[in-house]
Amino acid sequence: MKWASVLGIAAVLGLMTLYEWPKMKGNMKKEKITFAAVTLAGGILAVWLVFYPGTPGPTQLFDFLYKPLVHYIENLTAERGG
Amino acid sequence: MIEKGKISASQMGKMMYLAITPTAILTTPAITYQFAKQDLWISPIWAFSGLIAVYAALRLHARFPGRNLVQMCECIVGRLPGKLLGGLFLLFNMYLNGIIIREYSEFVIGAFLLQTPLTVVSGSMVLASAMAVRSGVEIVGRFAELFLPAFITLFLLIIFPIIPDLHLSNMLPIMGEGMMPSLMGAFVLQAWFSELITASFFLPFVADQKKVTKSILIVLLMIVLTLIVSNLATLLLLGNVTGSYTYPFLILARYINLFEFFTHLEAIFMAIWVLGAFVKICVFFYVAVLGAAQWLKLSDYRPIVFPFGFLLTLISMWVAPNLQKLNDAISKSVSFAVLTMFVAVPVLLLCLAWGKRRLWGIAAKK
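Residue numbers (my numbering), protein chains in the order written: chain A, 1 to 82; chain B, 1 to 366.
Any given hint might turn out to be false.
Said to hold, decoys possible - BS3-like mimics (lysine-lysine), calculated; alpha carbons at most 30 Å apart, straight line:
| id | chain 1 | residue 1 | chain 2 | residue 2 |
| --- | --- | --- | --- | --- |
| 1 | B | Lys356 | B | Lys214 |
| 2 | B | Lys4 | A | Lys25 |
| 3 | B | Lys297 | A | Lys25 |
| 4 | A | Lys23 | B | Lys6 |
| 5 | A | Lys32 | B | Lys4 |
| 6 | B | Lys211 | B | Lys6 |
| 7 | B | Lys297 | B | Lys356 |
No wet-lab data here; the hints were simulated from the structure. Source: prediction; values computed, not measured.
Let the sequences and hints guide you as you build the complete structure.
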């Protein structure tokens with residue numbers, strides 16, 4: 001099942017490249033590099049998330065950064081009886 | 001300039017309206033109710049962060065005409081820190097869009113398409129938005145113009161039939177515990193109002209600059225009004241149980257029963273929601289793609305639309321393992337993060353720009 005997802009991801013990324021790549025002309029080097037980099041990053045992240053779905057993401061980062069403020073709000077809510 | 005399209009001030013206003021209201025109607029009443037109880041309907045009035053964000057976006061644009069927030073960063077704080085701040089802003093924008101897409105797909109799956117996998121719902125929405133975004137700002141603006149009348153008509157179509165069933169006693173006592181509960185309930189709404197800062201990315205494309213201030217203030221007022229009406233209707237119909245539903249407004253749509261003939265009108269709500277969420281996702285998607293293209297000094301933003309769409313779908317899977325965790329994050333840490341990035345950072349930039357001009361002005365006179 002997981003390998004099927006990987007195949008699906010590869011298919012989507014392949015179709016994207018097939019559609020977009022011929023539209024970029026020879027002198028659009030920067031665009032090509034960006035396109036390849038973002039697509040590659042997306043592919044790696046997608047495959048990673050297929051195998052390790054619980055990987056801490058940006059939400060956990062914000063939870064960590066705003067812990068004291070969130071704690072303060074939670075106390076206020078508790079006082080009002082949830 | 002990458003984007004050659006022009007939009008009118010009213011189109012920008014409509015885009016901003018649809019970029020905020022749909023998700024605000026859907027998720028906020030349940031979260032706001034936890035704090036505000038029967039003062040639920042007063043909370044939208046405290047739209048401070050919306051006013052601040054609008055003021056910051058307009059003043060910054062007056063100071064740097066033709067530039068958006070990401071481009072301004074470089075002018076204000078210097079090249080390298082500006083790039084860094086602009087990049088952070090763009091990443092955060094994409095994260096927020098991931099949350100929006102997730103909210104949309106969770107709602108569609110939770111309420112209607114029970115058997116469909118999450119990826120299919122979010123993926124098809126992102127694909128549709130990507131096509132609109134590829135066509136440029138004019139198309140997104142026209143979509144907003146096209147969908148807004150439908151949005152408002154359908155919204156009223158849900159409100160009017162339930163008027164006879166509303167119990168005014170549910171809103172009593174008004175401000176029974178003073179202003180505090182409604183103010184605290186407004187906290188989560190601030191995250192939505194501060195999304196008005198995305199106007200900064202559309203201001204440079206507006207053809208009739210003189211009408212911008214008026215149109216954006218009218219939009220802020222309209223958003224507040226819509227939220228008051230929807231919260232009031234929810235409260236008056238559901239009363240004490242408002243907080244126990246995930247989507248209280250959906251219950252309203254399900255409740256409608258006209259002459260034993262018009263029933264199950266939640267399909268209308270679904271239509272509202274899909275139209276609104278489409279424009280909302282498009283607006284944030286466009287901001288991310290355009291900002292990234294300008295940030296990297298590309299000649300065109302079109303080639304990176306699809307890769308970014310793929311990333312957005314991924315982020316929407318990544319933000320939370322399930323709906324409960326998602327709503328919990330939205331009502332707490334994500335709201336703080338939104339306030340930091342969309343209100344505190346622009347205000348800080350505005351202060352810096354103002355201070356810099358004062359200092360340089362004095363130096364030039366001497």
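Results of checking the hints against the structure:
no.	hint	result
1	B/Lys356 x B/Lys214	28 Å, holds
2	B/Lys4 x A/Lys25	20 Å, holds
3	B/Lys297 x A/Lys25	17 Å, holds
4	A/Lys23 x B/Lys6	24 Å, holds
5	A/Lys32 x B/Lys4	22 Å, holds
6	B/Lys211 x B/Lys6	14 Å, holds
7	B/Lys297 x B/Lys356	26 Å, holds
The structure shown violates none of the earlier numbered hints.
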